[in-house]
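With the hints as constraints, model all of the structure from the sequences given.
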Amino acid sequence: MKQYAIITDDNLAKIYKKELSELYPNSFLCVVRAGEKSKSLKTIEKLTSMLSKKNFSKSDTLVAFGGGVIGDITGLLASLYMRGVTFINIPTTLLAMCDASIGGKNGVDTEDGKNILGTIYQPHAVIIQPKYLKSLPLKEIKNGMAEAIKMAIIKDKKMFNFIEQNREKILKKEILTLKKIITRCGEIKSEIVENDEKDTGSRHILNYGHTIGHAIERASNYTIEHGKAVALGIGYENQIALNKKTIQKSEVDRIQKIFNDFALTEKVKKVSMKKLHAGILHDKKRKNDTIHLYLPTSIGSAQAYDISLKDIQTVLV
Numbered sequence: 001m002k003q004y005a006i007i008t009d010d011n012l013a014k015i016y017k018k019e020l021s022e023l024y025p026n027s028f029l030c031v032v033r034a035g036e037k038s039k040s041l042k043t044i045e046k047l048t049s050m051l052s053k054k055n056f057s058k059s060d061t062l063v064a065f066g067g068g069v070i071g072d073i074t075g076l077l078a079s080l081y082m083r084g085v086t087f088i089n090i091p092t093t094l095l096a097m098c099d100a101s102i103g104g105k106n107g108v109d110t111e112d113g114k115n116i117l118g119t120i121y122q123p124h125a126v127i128i129q130p131k132y133l134k135s136l137p138l139k140e141i142k143n144g145m146a147e148a149i150k151m152a153i154i155k156d157k158k159m160f161n162f163i164e165q166n167r168e169k170i171l172k173k174e175i176l177t178l179k180k181i182i183t184r185c186g187e188i189k190s191e192i193v194e195n196d197e198k199d200t201g202s203r204h205i206l207n208y209g210h211t212i213g214h215a216i217e218r219a220s221n222y223t224i225e226h227g228k229a230v231a232l233g234i235g236y237e238n239q240i241a242l243n244k245k246t247i248q249k250s251e252v253d254r255i256q257k258i259f260n261d262f263a264l265t266e267k268v269k270k271v272s273m274k275k276l277h278a279g280i281l282h283d284k285k286r287k288n289d290t291i292h293l294y295l296p297t298s299i300g301s302a303q304a305y306d307i308s309l310k311d312i313q314t315v316l317v
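In my numbering, the protein residues as written are 1 to 317.
Errors might be hidden in some of the hints.
Now the in silico label distances, taken between C-beta atoms and shown as ranges [stated by the list, open to error]:
| # | residue 1 | residue 2 | range |
| --- | --- | --- | --- |
| 1 | Thr200 | Leu117 | 26 to 32 Å |
| 2 | Asn26 | Lys287 | 46 to 52 Å |
| 3 | Tyr305 | Asn166 | 29 to 35 Å |
Only pairs whose alpha carbons sit at most 25 Å apart, straight line, appear in this in silico PhoX-like list of lysine-lysine [unchecked claim]:
| # | residue 1 | residue 2 |
| --- | --- | --- |
| 4 | Lys179 | Lys157 |
| 5 | Lys257 | Lys270 |
| 6 | Lys274 | Lys310 |
| 7 | Lys287 | Lys198 |
| 8 | Lys173 | Lys139 |
| 9 | Lys134 | Lys14 |
| 10 | Lys17 | Lys173 |
| 11 | Lys54 | Lys17 |
| 12 | Lys284 | Lys274 |
| 13 | Lys158 | Lys249 |
| 14 | Lys157 | Lys257 |
| 15 | Lys139 | Lys37 |
| 16 | Lys134 | Lys17 |
| 17 | Lys14 | Lys46 |
| 18 | Lys245 | Lys310 |
| 19 | Lys18 | Lys42 |
| 20 | Lys54 | Lys2 |
| 21 | Lys274 | Lys37 |
| 22 | Lys131 | Lys169 |
| 23 | Lys158 | Lys180 |
| 24 | Lys157 | Lys249 |
| 25 | Lys179 | Lys134 |
| 26 | Lys285 | Lys245 |
| 27 | Lys157 | Lys245 |
| 28 | Lys310 | Lys275 |
Just so you know, the hints here were simulated from the structure itself, not pulled from any lab data.
Even for Gly, the Cβ is constructed at its ideal location relative to N, Cα and C.
Given below as structure tokens:
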């Protein structure tokens, strides 16, 4: 009989204990510790051992039930276990629903950086249930909005306007409002991924804010949430855009305001500049002394530029 291995974290295992037991027939639970530190090869090895003990086979299915960390772990494990098994992604955070669960990217962190080891391996299905957002702390709604705002900046001015006009409904977790945002983000990301599934060119637009954002995460030892790190990264990358005169200051000010409105630019504890620069050097898009960045030209559009490491370091003061 087909087995389903449901991978989740210890927080969700407590909250959704009954629901998880009824999610799929002939299923068993694999629980990891919540948080970014679980994104490691050690976790992959631990999960592999759990599957082996259950005689998990090529015809069985993995199920990711959680946020971006769980999706990353499960996707990578699915791509590696017996050279590839089916997996289903059920995101439970706004960030994962808007971004991380779509596109097939997965990975784990190493001492050298975020998502240094990973594959691109598509899920059999992504099942999005906005009802799971009701149990999220408000800070996680804000965290997820960073990726939604990013999508709007690079591709959809109308969605940017919608987010500006519906801030209160979003923060109150008004489901219809959140569904509109999640749906539009899924449409945007799916279209981008379909044109460049293997992330060799145009898909790099989705990394807007992430080159510096990932370095901030790493330099803080992952104490700064992904969404806030991306918002801070966007702020720095927008400064590069201003220096390069690719965008008007009025547009940058408007972007900054929307992040302020969602409390995504609050001061964070100081991070080591040495670690921050080291993180940027390990960016996957770096070629010699330049990094391929997409910078905004206006709200709703962005273009690719080769930016020197010197120009990036100039804004990191």
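Checked hints:
1. Thr200 x Leu117: 26 to 32 Å: Taking Cβ atoms as reference, threonine 200 and leucine 117 lie about 18 Å apart, which means the hint is violated.
2. Asn26 x Lys287: 46 to 52 Å: holds, 49 Å
3. Tyr305 x Asn166: 29 to 35 Å: Holds, at about 32 Å.
4. Lys179 x Lys157: holds, 18 Å
5. Lys257 x Lys270: Since the Cα atoms of lysine 257 and lysine 270 sit roughly 22 Å apart, the hinted pair holds (cutoff 25 Å).
6. Lys274 x Lys310: Given that 25 Å is the threshold and the Cα spacing comes to 14 Å, the pair holds.
7. Lys287 x Lys198: holds, 18 Å
8. Lys173 x Lys139: With Cα atoms ~12 Å apart, lysine 173 and lysine 139 stay inside 25 Å; holds.
9. Lys134 x Lys14: Distance of about 15 Å is within 25 Å: holds.
10. Lys17 x Lys173: OK: lysine 17 and lysine 173 at ~23 Å, within 25 Å.
11. Lys54 x Lys17: holds, 20 Å
12. Lys284 x Lys274: holds, 18 Å
13. Lys158 x Lys249: holds, 20 Å
14. Lys157 x Lys257: Holds, at about 15 Å.
15. Lys139 x Lys37: holds, 19 Å
16. Lys134 x Lys17: holds, 16 Å
17. Lys14 x Lys46: holds, 20 Å
18. Lys245 x Lys310: Holds, at roughly 17 Å.
19. Lys18 x Lys42: Cα-Cα ~28 Å, so violated.
20. Lys54 x Lys2: Holds. Lysine 54 to lysine 2 sits at ~12 Å (cutoff 25 Å).
21. Lys274 x Lys37: holds, 21 Å
22. Lys131 x Lys169: With Cα atoms ~15 Å apart, lysine 131 and lysine 169 stay inside 25 Å; holds.
23. Lys158 x Lys180: holds, 12 Å
24. Lys157 x Lys249: Given that 25 Å is the threshold and the Cα spacing comes to 16 Å, the pair holds.
25. Lys179 x Lys134: Satisfied, since the Cα-Cα distance of roughly 13 Å is no more than 25 Å.
26. Lys285 x Lys245: Holds, because 22 Å separates the two Cα atoms, which is no more than 25 Å.
27. Lys157 x Lys245: Roughly 20 Å between the alpha carbons, so the hint for lysine 157 and lysine 245 holds.
28. Lys310 x Lys275: At roughly 16 Å apart (the allowed maximum being 25 Å), lysine 275 and lysine 310 satisfy the hint.
The structure fails to meet hints 1, 19 from the earlier list, while all remaining hints are met.
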